[in-house]
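Novice: As they're listed, the protein sequences go chains A and B.
The number in our numbering is simply the position in the first sequence, starting from 1, with 276 added.
The number in our numbering is simply the position in the second sequence, starting from 1, with 185 added.
If you are wondering where the hints come from, they were derived from the structure by calculation, not from laboratory data.
Computed from a prediction, not measured in an experiment: that's the story for all the values here.
Among the hints, a few may not be true.
Said to hold, decoys possible - Quick list of simulated restraints, FRET-style, between CB atoms:
(1) B:Pro253 / A:Thr533: 50 to 56 Å
(2) A:Thr348 / B:Arg276: 47 to 53 Å
(3) A:Lys524 / B:Gly216: 31 to 37 Å
(4) B:Val217 / A:Ile550: 39 to 45 Å
(5) A:Gly546 / B:Glu275: 37 to 43 Å
(6) A:Arg501 / B:Thr212: 25 to 31 Å
(7) A:Thr533 / B:Thr212: 48 to 54 Å
(8) B:Gly216 / A:Gly544: 45 to 51 Å
(9) B:Gly235 / A:Phe352: 26 to 32 Å
(10) A:Arg553 / B:Arg276: 29 to 35 Å
(11) A:Asn298 / B:Arg257: 46 to 52 Å
(12) A:Gly297 / B:Glu209: 35 to 41 Å
(13) A:Pro551 / B:Arg276: 29 to 35 Å
(14) B:Ala198 / A:Asn298: 21 to 27 Å
Said to hold, decoys possible - A few chain B residues that face chain A, going by a derived Cβ cut-off under 10 Å, partial list only:
(15) Arg218
(16) Gly222
(17) Leu224
(18) Ile228
(19) Arg246
(20) Asp267
(21) Thr270
What the hints assert, rightly or not - From chain A, some residues computed to sit far from chain B (all C-beta separations above 12 Å):
(22) Ile281
(23) Leu314
(24) Leu315
(25) Val317
(26) Lys383
(27) Glu476
(28) Met504
(29) Tyr534
Glycine included, every Cβ here is placed at the ideal spot set by N, Cα and C.
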Amino acid sequence: MKRWIALAARLYPAAWRKRYGNEFQALIEDVNPGWRELLDVIGGATKMQLTSSATYLKLGAAFALAGLVVATVASFVIPKEYTSIAVMRFGVKSGGNRLTVTDSIAKAETQILSRTSLSKLIQDPKLDLYAKERESEPLEDIIENMRTRAIQLVIIQPMSPSDAPSVAFSISYRYTDRTKARNVVNRLISGMTEALGKAEIPGEGKNFEILDQASLPRFATSPKRTVMLTTGVLGGLCLGLVCAVFIKHPQRSMVFTYMGLIGCLVGGAGSLLIPNRYISKAVIRVVPFDHGFEQRLNGLGRPGLRIQVIHMTGAPGAAAVELSFEDTDPEKAKAMVLSAVNALTAVSVEEHMQGNIVVLDNANLPQSPMYPNRYVISLLGFGAGLAIATVMLLIQRRRMLRPA
Amino acid sequence: MTDPIILILASLAAGEKHGYAIMEDITGFAGVRLGPGTLYGAITRMEERGLIAAVESTDRRQPYRITPQGRRQLTEAVASMDRITAAAAERLKLA
């Protein structure tokens, strides 16, 4: 048994064996060891390995390796997605302006991304998109995901003289089947062509041109293995270091954990006492934005109403005006913004300006409060808890070091 | 009452001892048999915290002594245990 225990003693860290090895060996020789002692030595060696000066390094490396393995497996399990992209240009040969061209593209985008249009696309037997997802998720959610995450329409930049404006834009779609991804982009191009063909737009000679046909992607755009593996390694490393701190300083770590949690709870509970503030917003476009309209804005006479004017660089004389109002009652906030928008629209009708004021985004009913940010307050509470724990431990340490 | 640190401090409060002597002493006064791994795990931590110190020796059996800081910690632990014992005895009507 002494031989087994001598072997088990070699499990202790090298630095520990250098300092205590001889005397530990002498102790083993003195006692009459059995299985209980052997298990005790193995347990002691394991504990010492975890609490030695290299704990941070060992646990950090072990967890980083585990993170790497998990991320590698996950990167192979997550299905690959391919992105097909096409680039187009739309404009008029003479007359009109960039703003109206961009507006037409935005309207066409709204049409091709409508619920009806996307629903047809998804359920088309030739495409049969999201077949598995449709078995378990409502179609509404799939449409929303396709609209907000999978399809992207990006205005590249106005690329023509202002007397013959045209705007280039790209349409891309991300899907697990690269052929279907390309087919969907082709269908979206057809939809845009049709919608833009019907669009009523100032100027003459509508011109729609496909600069780059929908691509057949060769390589997957997601999952991004490098990002996933880096995240896995760094996440594992951080977790390992946190575990090392808990093992090396269990009492202090618990004090920090408890105080942090108490701070977080106090912060969260305190934030419930602060009343919710909702902000409703509306955006209108004004052409031309002149001194007279500025005076009308100033004369709205609604205390608390915030007005922000953004002059549009692509369209001289045009401006976007954001009207917003903050209140504890979301209905009241919406009503205030709505009344301001109506007042401005009514003025334009009275003065035969109809058409020069376009409501781009009408007053919304805010669903979630803008203030207070309870996450931030809870996080601040957590930080305050940690700070208090630090002070407590410093005081305790000073008391311990004070001579008796 | 079986915290190895308190048991070792209590043993060394009577004078310096090496590992085996500490182990035997504790078995004698507390009826607790510390294993070699547990004993040396505690000795390592206590030396790091300055509760005990190695005494210069040429023998392989390294003796240790209690430090003033170790004595203070033991005093506090004894006072705390006294309070608990008194309260428990009072509640059991043994006082």
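Novice: Does each hint hold? Answer for all of them.
Specialist: Hint-by-hint comparison with the structure:
1. B:Pro253 / A:Thr533: 50 to 56 Å: 32 Å Cβ-Cβ, so the 50 to 56 Å window is violated.
2. A:Thr348 / B:Arg276: 47 to 53 Å: Violated: the Cβ-Cβ distance is about 60 Å, outside 47 to 53 Å.
3. A:Lys524 / B:Gly216: 31 to 37 Å: Cβ of Lys524 (chain A) to Cβ of Gly216 (chain B): about 32 Å, so the range 31 to 37 Å holds.
4. B:Val217 / A:Ile550: 39 to 45 Å: The hint (39 to 45 Å, Cβ to Cβ) is violated, given that Val217 (chain B) and Ile550 (chain A) are roughly 56 Å apart.
5. A:Gly546 / B:Glu275: 37 to 43 Å: Hint holds: Cβ distance 42 Å, inside 37 to 43 Å.
6. A:Arg501 / B:Thr212: 25 to 31 Å: 59 Å, violated
7. A:Thr533 / B:Thr212: 48 to 54 Å: 37 Å, violated
8. B:Gly216 / A:Gly544: 45 to 51 Å: 49 Å, holds
9. B:Gly235 / A:Phe352: 26 to 32 Å: Distance hint for Gly235 (chain B), Phe352 (chain A) is violated at roughly 52 Å.
10. A:Arg553 / B:Arg276: 29 to 35 Å: 55 Å Cβ-Cβ, so the 29 to 35 Å window is violated.
11. A:Asn298 / B:Arg257: 46 to 52 Å: Taking Cβ atoms as reference, Asn298 (chain A) and Arg257 (chain B) lie about 30 Å apart, which means the hint is violated.
12. A:Gly297 / B:Glu209: 35 to 41 Å: Distance hint for Gly297 (chain A), Glu209 (chain B) is violated at roughly 22 Å.
13. A:Pro551 / B:Arg276: 29 to 35 Å: With a Cβ separation near 50 Å, Pro551 (chain A) and Arg276 (chain B) fall outside 29 to 35 Å, so the hint is violated.
14. B:Ala198 / A:Asn298: 21 to 27 Å: At roughly 26 Å between Cβ atoms, Asn298 (chain A) and Ala198 (chain B) fall inside 21 to 27 Å, so the hint holds.
15. Arg218: 8 Å, holds
16. Gly222: 2 Å, holds
17. Leu224: 7 Å, holds
18. Ile228: Nearest chain A Cβ about 8 Å off; hint holds.
19. Arg246: Holds. Min distance 5 Å.
20. Asp267: 18 Å, violated
21. Thr270: At 23 Å from the nearest chain A Cβ, Thr270 (chain B) fails the 10 Å test, so the hint is violated.
22. Ile281: 8 Å, violated
23. Leu314: 9 Å, violated
24. Leu315: 8 Å, violated
25. Val317: Nearest chain B Cβ is 4 Å from Val317 (chain A), so the label is violated.
26. Lys383: 73 Å, holds
27. Glu476: 83 Å, holds
28. Met504: Label holds. Min Cβ-Cβ 40 Å, cutoff 12 Å.
29. Tyr534: 21 Å, holds
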